[in-house]
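Enquirer: Sequence:
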Amino acid sequence: MSISPLFAARLFVVLVGVSLLNAAEAARIEPANTEFSAKGPISFAKSIINADCTIQVSGKVSPDGSFASVDKVDFSGGLKCGQVEATHLPWKLVAKDETSGAMSGIRVTVHAPLVGGECGPSTAEGSWNNSTGKLEAAQVSLDGGCTIKTVSIQMPPTFRVAP
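According to mature numbering (1 follows the signal peptide of the UniProt record, and there is no 0), the stretch in the sequence shown is residues -23 to -1, 1 to 140, in order.
Source of the hints: derived by calculation from the structure; they are not laboratory data.
Be aware that a few hints might be false.
[Stated by the list, open to error] DSSO-like mimics (lysine-lysine), calculated; alpha carbons at most 30 Å apart, straight line:
(1) 37 to 126
(2) 73 to 37
(3) 111 to 37
Could you put together the complete structure from these sequences and hints?
Expert: This is the structure in structure tokens:
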């Protein structure tokens, strides 16, 4: 049984159309074109350094809601937390669907003698919950030997993901 070139061309057009439709139906971050700030606990490790800190992020949702740009990241909560510096900002947050997302471009510098250094760039896959407003991830390995053990960022009440 052979497939006619016309049938193959039509099948190709249908498949391309379906993939474009799926891309157009990706989740969106709301409200679009607005600034946000949020914070929460983060547990971080590099080599023998373990730090339980507070992470504070701020940025802006894109005009179409397709992503959020994280323009500022600060770590606080003690001496070890002060040794972690977010670099190569902005990082990019996208919603994959109403319950999951990813932050890409994550890079940090750990300022510690002998065991410090650069980590990233890496992407952290995580979960999102519209009811609680929390963006969470666990056991995220960053290039360069860093691990985000856990992070739970409490986003503002207006921040949500829509289908």
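Enquirer: Which of the numbered hints above does this structure break?
Expert: No numbers; nothing is violated.
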